[in-house]
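Residues per chain are reported as follows:
2 protein chains.
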Amino acid sequence: MLEQIIIILQQKCFLDPQKPVLIGVSGGGDSLCLLDLLTRSGYPVVVAHFNHALRAEAAADARFVEGFAGKLGLPFVLGQADVFDYAQTVGLSVEEAARHLRYTFLFEKAHQVGAQAVAVAHQADDQVETILMHLLRGSGLSGLRGMRYWTLPRPWSEEIPLVRPLLEFWREEIDAYLWERNIEPVVDKTNRDTTIFRNRLRHELVPYLSTYNTGIRQVIWRMGKVLDSENELVEGMVDSAWEETYTGQGDGYLSFRYHVLSMQPKGLQRRLIRRGISLLRPGLRDVDFSTTELALDFLDTPTKSGRLVLAAGLMILLEEELLWLADQAADLPRSFWPQLPSSHDGCKHLTLELPGVVRLEHGWVLACDLNKQVEPAYRSALDNTDMFQAWIDASKVRFPLTIRCRRPGERFYPAGLAGRSVKVSDFMINVKMPARARANWPLVFSDDEMVWIPGYRLAQASLVSDSTAQVAHLHLFKMDET
Amino acid sequence: MLEQIIIILQQKCFLDPQKPVLIGVSGGGDSLCLLDLLTRSGYPVVVAHFNHALRAEAAADARFVEGFAGKLGLPFVLGQADVFDYAQTVGLSVEEAARHLRYTFLFEKAHQVGAQAVAVAHQADDQVETILMHLLRGSGLSGLRGMRYWTLPRPWSEEIPLVRPLLEFWREEIDAYLWERNIEPVVDKTNRDTTIFRNRLRHELVPYLSTYNTGIRQVIWRMGKVLDSENELVEGMVDSAWEETYTGQGDGYLSFRYHVLSMQPKGLQRRLIRRGISLLRPGLRDVDFSTTELALDFLDTPTKSGRLVLAAGLMILLEEELLWLADQAADLPRSFWPQLPSSHDGCKHLTLELPGVVRLEHGWVLACDLNKQVEPAYRSALDNTDMFQAWIDASKVRFPLTIRCRRPGERFYPAGLAGRSVKVSDFMINVKMPARARANWPLVFSDDEMVWIPGYRLAQASLVSDSTAQVAHLHLFKMDET
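As they're listed, the protein sequences go chains A and B. Okay, so the first sequence: first residue is 1 according to the working numbering, each after it adds one. Okay, so the second sequence: first residue is 1 according to the working numbering, each after it adds one.
Don't read these hints as lab results, they were simulated from the structure. Wrong hints could be hidden among the right ones.
As the list claims (entries may be wrong) - No more than 27 Å apart at the CA atoms, straight line, and that leaves these computed lysine-lysine pairs for DSSO-like: (1) A/Lys304 with A/Lys348; (2) A/Lys266 with B/Lys12; (3) B/Lys71 with B/Lys19; (4) B/Lys266 with A/Lys12; (5) A/Lys225 with A/Lys266; (6) A/Lys266 with B/Lys432; (7) B/Lys225 with B/Lys266; (8) B/Lys396 with B/Lys423; (9) A/Lys348 with A/Lys478; (10) B/Lys348 with B/Lys396; (11) A/Lys225 with B/Lys225; (12) B/Lys304 with B/Lys432; (13) A/Lys423 with A/Lys396; (14) A/Lys225 with B/Lys266; (15) B/Lys304 with A/Lys12; (16) B/Lys423 with A/Lys304; (17) A/Lys423 with A/Lys304; (18) B/Lys423 with B/Lys304; (19) B/Lys71 with A/Lys266; (20) B/Lys12 with B/Lys225; (21) A/Lys266 with A/Lys304; (22) A/Lys71 with A/Lys19; (23) A/Lys225 with A/Lys12; (24) A/Lys348 with A/Lys423.
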């Protein structure tokens, strides 16, 4: 076992035999076995014990571990916290709370003593139980693969890894090792308490499953190993797809390129959405299956409103090219739309000369100039495919033009509508202008008559015709803000 | 349920409502439900029943299904075979044998009647049981994802798909449908026989797991769905990697580009090896975990002999650039090595003029010509990096040269060995010439003195020196055989 562990420590846990390792020791057999092996492998070891103070013997256990470390001449650090209190405060189960406090302690100490890693003594039986637990609670590949030899466990650590060198040793092997080395561990009586979910797996489920297949532990352990390597493959694909689809993150929101995301295979879409959710909700340990499926259905067939509430206060929102994943309360950025600067009583009124420019928010600019050559393709407003440019008959408007936002009840005569007028607000809904952008969308007026809704439609009255003598060219564009 | 099934039939089973579907009907509730739904959806249906003759009621069941089809005015086809006899002959379990005979029958009939697909009535509970069965027996992603809506089930069919439209409906939903439609199925009493593995899963394991999580069926079903889409991703990667690594297949063997294969991530290597094994052993339903791991270890660290027996009479063999996966008895091709044509008493003796060529096996050619310009880089034989070309002092050999294979005990004086001689057979071993190629490897002699072992070494005596007046150029190469 010592020879095997020396190889595992270097090749699977990536440890340097010269640098210190902090090891979490409960006093139970697994952790004493790992402590003994680490010491014999020549690693500088710091022994850490966290007293959960949940059991009567807790203080005695702490003294036992301190004594054990002392006999080996190893430094010892002790942690303690009120687990019950913490569980109530943050609304976690006692088990979850204990785990959180324990790892927080271990990584704080590891940082303080300059340890290269935190080592814990999970072994092959724990691995099997972990996989079964994920299976029973519902999980994809990332849960079914089980625990890993080396990992950076967020949120506790972004730098110091957590390593588990005993993952391939069974309880029997560890017991035999302890017997041979004459090491006597403390007995945690709660280990036999089958009201604790994990203990029930250990003492009831695994023996029960063995009646179907006597090699069930090996079967599950191997499955974890195979799935781990296949999960690596999938994660590699997700990383590339993330690069292609993810466009950025802000306070309570992030966004994807919708058309790229919606072209991905279902399996990748699911992973990308999950990764997005976990960035916005790092606390959420497992994203609910139906939440993700809702989002996937939305990608296939967006709702009419272009938005959908998922769960946990998150919504998904489709606007033009962008798919937003956001807190329902998040203030999404408007910088990718043209918006009028705000004044204290609404949007600002601006004037546009011929020639002239006005500056809008976030680098957007609206420009007007004389068009010397009337391009035939744009003589009809409806042939124009670039809706952010327009050509108008300069004699049919009065300069300077006015740039302002819409007014309640205001109407306009869109080109191509045979002289009928529509309410501006209805028009904006019909052409699917993003709802959040409507109030401050820049509109072009000649006096109080609407000339152009940039990005969408010219008014009938100012269209270029055969008798047009002078053409004005309007252009809305975004300048690079850097 | 009817509305849902109409969508599933088209979007998940890819069926054309105009074309006939052959449906396997046992007479049980699931198959009658599917039959009723298919008929109501307007598909032309052919009813097929396979009489396993394993139970007392079997003949009555067959008559029942025939009558049911008759009442609906649907064509009916009946199959029957001696399952026990077949199971004994081919060495399968009775369950496996029945399954094999049933699907063989269904696809034969489907072919005869021109059906677009064979439909079977597996539902959501069957799906959960299938996944659990794979889990208990040990499986990777491809087993844990469960059954699929659409599949080409080899070895029964390469063209007509097997579809399972009921995969998302639970037993309770189907029972409710039957009740509502007033359909009374036959009861298969063996369904309650828990000595049958699957029945034990249904009646014992699933209820037991529900004590851990009441939603266990949904959890497992969803897991299958997620893993299916992730398996698709992995399969896509395997397809590309297969293109890059697989070089071809023959009778009882196939080969990979070793250096490309050994650079792949572990997860891909495992899949590629498994795919290779399943091509050579299509009967093997699941490739054993340890078999694949043996092969993966070999990829990392080939054995000294360059070969390893895996299992099921298969071996893995590394030769130069190629990794072979082969029957132990397979006659691997020699076409990628230069080989002398065989004569009845060994290899053929050939003569090589100056200038001249001799043709070897499989398009290999050995050529000799006068080299007008002695290239300085090749003045020393040891500087030559292309071991399939050699430059010799024409005055130190006698033309025509002789091309033949080695003789027992024969020795030669390799260049660079300070005049010492070695046994040709030992030399071949030392330079790692593939064992299978040694006997017929073409060697170049001047009378009976060895001049060149193509691909490896010149003899000391014929080296070009400063006093060389005339240089002969020897060249061994493979011509395109097309």
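Right, here's what the structure says about each hint:
The hinted pair formed by A/Lys304 and A/Lys348 fails the criterion: a straight-line CA distance of about 32 Å is larger than 27 Å. For the proposed pair A/Lys266 and B/Lys12, the alpha carbon gap of about 14 Å is at most 27 Å, so the pair holds. Taken as a hint, the B/Lys71 and B/Lys19 pair is honoured in the structure, with Cα atoms around 21 Å apart against an allowance of 27 Å. Taking the CA atoms of B/Lys266 and A/Lys12, the gap is near 14 Å; set against the 27 Å cutoff, the hint holds.
Note on A/Lys225 and A/Lys266: the hinted pairing holds, with a Cα-Cα distance of about 24 Å set against a maximum of 27 Å. Restraint check: the Cα-Cα separation between A/Lys266 and B/Lys432 comes to about 49 Å, which exceeds 27 Å; the hinted pair is violated. Annotation: proposed proximity of B/Lys225 to B/Lys266 holds, straight-line Cα distance about 24 Å (limit 27 Å). Proposed proximity of B/Lys396 and B/Lys423 is supported: the alpha carbons are some 22 Å apart, at most 27 Å.
Annotation: proposed proximity of A/Lys348 to A/Lys478 holds, straight-line Cα distance about 19 Å (limit 27 Å). In summary, the hint linking B/Lys348 to B/Lys396 is supported, as the alpha carbons are separated by about 25 Å, within the 27 Å threshold. Pair hint A/Lys225 plus B/Lys225 holds up; C-alpha atoms about 21 Å apart against a cutoff of 27 Å. A hinted pair counts as satisfied when its Cα atoms are at most 27 Å apart, and B/Lys304 with B/Lys432 qualifies at roughly 11 Å.
Under the criterion of a C-alpha separation no larger than 27 Å, the hint pairing A/Lys423 with A/Lys396 is consistent with the structure, at around 22 Å. For the hint linking A/Lys225 to B/Lys266, the alpha-carbon distance of about 11 Å falls within 27 Å, and the restraint holds. Simply put, B/Lys304 and A/Lys12 have alpha-carbon atoms about 25 Å apart, close enough for the 27 Å limit, and the pair holds. Of the supplied pair hints, the one linking B/Lys423 and A/Lys304 is violated, its CA atoms being roughly 84 Å apart against a limit of 27 Å.
Taking the CA atoms of A/Lys423 and A/Lys304, the gap is about 21 Å. The hint holds against a cut of 27 Å. Between B/Lys423 and B/Lys304 the CA atoms are separated by roughly 21 Å; this keeps the pair inside 27 Å, and the hint holds. Pair hint B/Lys71 plus A/Lys266 does not hold up; C-alpha atoms about 43 Å apart against a cutoff of 27 Å. Restraint check for B/Lys12 and B/Lys225: satisfied, since their Cα atoms lie roughly 13 Å apart, inside the 27 Å limit.
Restraint check for A/Lys266 and A/Lys304: the C-alpha separation of about 22 Å stays at or below 27 Å, so the hint holds. For the hint linking A/Lys71 to A/Lys19, the alpha-carbon distance of about 21 Å falls within 27 Å, and the restraint holds. A hinted pair counts as satisfied when its Cα atoms are at most 27 Å apart, and A/Lys225 with A/Lys12 qualifies at roughly 13 Å. Restraint check for A/Lys348 and A/Lys423: the C-alpha separation of about 21 Å stays at or below 27 Å, so the hint holds.
Violated hints, listed in ascending order, are 1, 6, 16 and 19; each of the other numbered hints is respected by the structure.
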